[in-house]
Amino acid sequence: MSDNFAAVGVLLIFAVALPVIMMLMPKLLAPNKPHAEKLTAYECGNEPLAKTAWRGFKSNYFMYAIVFTAFDVETVFLYPWALTFRKLGTFAFIEMFIFITILLVGFWYAWKEGALEWM
Amino acid sequence: MDALNKLPLNIAAAIRGLFGDPHSIWADLTMTVIGIILVIVLIVLAALILILLERKVGGWASQRPGPNRLGPRGWFQTIADALKLLGKEDVTPAEADRFIFKIAPMIVFALPMMTLAVIPYGMGMVPIDLDLGIIYYLAISAISTLALLMAGWGSNSNYSMLGGMRAVAQMISYEIPLIFSLLGVVMITQTFSLSKIVEAQSTIPFIVIQPLAFVIYFIAGIAEVNRAPFDLVEADQEIVAGPFTEYTGLRWGLFFLGEYGNMTATAALITTMFLGGWQGPGFLPGIVWFFLKVGIIIFLMMWIRWTFPRMRVDHLMGLAWKVLLPLSLLNVLLTGLGIYIYQYVLRIGG
Numbered sequence: 001m002s003d004n005f006a007a008v009g010v011l012l013i014f015a016v017a018l019p020v021i022m023m024l025m026p027k028l029l030a031p032n033k034p035h036a037e038k039l040t041a042y043e044c045g046n047e048p049l050a051k052t053a054w055r056g057f058k059s060n061y062f063m064y065a066i067v068f069t070a071f072d073v074e075t076v077f078l079y080p081w082a083l084t085f086r087k088l089g090t091f092a093f094i095e096m097f098i099f100i101t102i103l104l105v106g107f108w109y110a111w112k113e114g115a116l117e118w119m
Numbered sequence: 001m002d003a004l005n006k007l008p009l010n011i012a013a014a015i016r017g018l019f020g021d022p023h024s025i026w027a028d029l030t031m032t033v034i035g036i037i038l039v040i041v042l043i044v045l046a047a048l049i050l051i052l053l054e055r056k057v058g059g060w061a062s063q064r065p066g067p068n069r070l071g072p073r074g075w076f077q078t079i080a081d082a083l084k085l086l087g088k089e090d091v092t093p094a095e096a097d098r099f100i101f102k103i104a105p106m107i108v109f110a111l112p113m114m115t116l117a118v119i120p121y122g123m124g125m126v127p128i129d130l131d132l133g134i135i136y137y138l139a140i141s142a143i144s145t146l147a148l149l150m151a152g153w154g155s156n157s158n159y160s161m162l163g164g165m166r167a168v169a170q171m172i173s174y175e176i177p178l179i180f181s182l183l184g185v186v187m188i189t190q191t192f193s194l195s196k197i198v199e200a201q202s203t204i205p206f207i208v209i210q211p212l213a214f215v216i217y218f219i220a221g222i223a224e225v226n227r228a229p230f231d232l233v234e235a236d237q238e239i240v241a242g243p244f245t246e247y248t249g250l251r252w253g254l255f256f257l258g259e260y261g262n263m264t265a266t267a268a269l270i271t272t273m274f275l276g277g278w279q280g281p282g283f284l285p286g287i288v289w290f291f292l293k294v295g296i297i298i299f300l301m302m303w304i305r306w307t308f309p310r311m312r313v314d315h316l317m318g319l320a321w322k323v324l325l326p327l328s329l330l331n332v333l334l335t336g337l338g339i340y341i342y343q344y345v346l347r348i349g350g
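Sequences listed follow chains A and B, in order. For the first sequence, counting from 1, position 16 maps to 16 in this note's numbering; every step adds exactly one. For the second sequence, counting from 1, position 272 maps to 272 in this note's numbering; every step adds exactly one.
Looking at chain A on its own, in the form it has when it is part of the complex:
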């Protein structure tokens, strides 16, 4: 098992193929009788008020997404650091905590400005 990502490729083929094969089964077994009323979106029995649900979204989601991006990028730096932490010694140890402190300042600012409040 030297080239394991080749195995991941094989796995990917299986992962794509299996759901497709599974979805062929209802094609063969299940009835298919589309009807205009049946194909409307479900809104607890009412006629859907709007033609489409693809509208704007709450700006809160956007704030969370921005803070998430900052921290997600941080994890990209933190994982290699954690991997070599014990070899790098004092320098890496202090440097990383400076890095985290800088990020925490940003986090504190986001918290103070209310980006983390759900309104």
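Hints are computed from structural coordinates only; laboratory data are not their basis. Keep in mind that a hint or two might mislead.
As the list claims (entries may be wrong) - Heads up, simulated DSSO-like pairs for lysine-lysine below, C-alpha to C-alpha not over 30 Å straight-line:
hint	chain 1	residue 1	chain 2	residue 2
1	B	K6	B	K196
2	B	K6	A	K51
3	B	K88	B	K56
4	A	K51	B	K322
5	A	K51	A	K33
6	A	K58	B	K196
7	A	K33	B	K102
8	A	K87	A	K33
9	A	K27	B	K196
10	A	K38	B	K88
11	B	K102	A	K38
12	B	K322	A	K112
13	A	K27	A	K51
14	A	K87	B	K196
15	B	K84	A	K33
16	B	K84	B	K56
17	A	K33	B	K88
18	A	K38	A	K27
19	A	K38	B	K84
20	A	K27	B	K102
21	B	K102	B	K84
22	A	K58	B	K6
23	B	K84	A	K27
Based on these hints, arrange chain B on the given structure of chain A.
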């Protein structure tokens, strides 16, 4: 017991022996395919058993019998449900984005298959042994966020859209403490490989050294698979079934299978990272220990689901950002300090 532990390895070696060169590419391919098929069997079995177990635990928690009609004590209920789903019509709403609507459940179903294939189930029993195991697991499991948003968006229904939005907000929020909580283990073991992490726990499981990380990962893991008390995504009383509202038949069943597969994968990763994986006292083979630990974690998740009420959405986001994230950073700091003192001040190990 050693013989039982090595039995799967010996079977694997025997299958490899059937080929002229036991380390040729064809032997490798065959072993990979066998491993993948076993993983698929595991997911289907896990879903069948867990769905029944969930209802039984639910019955136990709310003092009612649970399913008890079909077969002995209702044990065949899930099989009947699965067969019924096969014969149900597959409805695609007229206004839906058809392609996205159709592939979203397939992605949800494919992900636990991808993640469970890198978990070490026993000594040398890793379907695909990756050096980047943790990174691979986190990267793949993060895609389920996208799949739920695709389901919500593709359905073009208000409830689905709300559910999809909630899914993204909740899952990206809990992903950060989830990822940070695993950092401590990586700092101790100095490897991303899941099988090496299990080997490092031969003397002591990491739950003893990293109790805080375990609790953070457990909470964030439940939130990542959208189970109660964090089931805002599919909160039945508010938004019908969230992203799954418009799905019918087997396509809805794929979501269900994927959900239970994801739950198994989360429990398997908790077992691997914190509970010592297949390591355990020698009177049981490793694979039995592994599934025993996974079972305990899953039972805990079900117990929590049937005990706690759903969280409010602002509390949910607050918990992720204002409690779990600082705590997980604190855990990284404490682990770093601990290793530093251990290695440079006391000069042990290293």
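Worksheet item: Looking back at the numbered hints, which does the structure fail to meet, lowest number first?
Response: 2, 4, 6, 8, 9, 22
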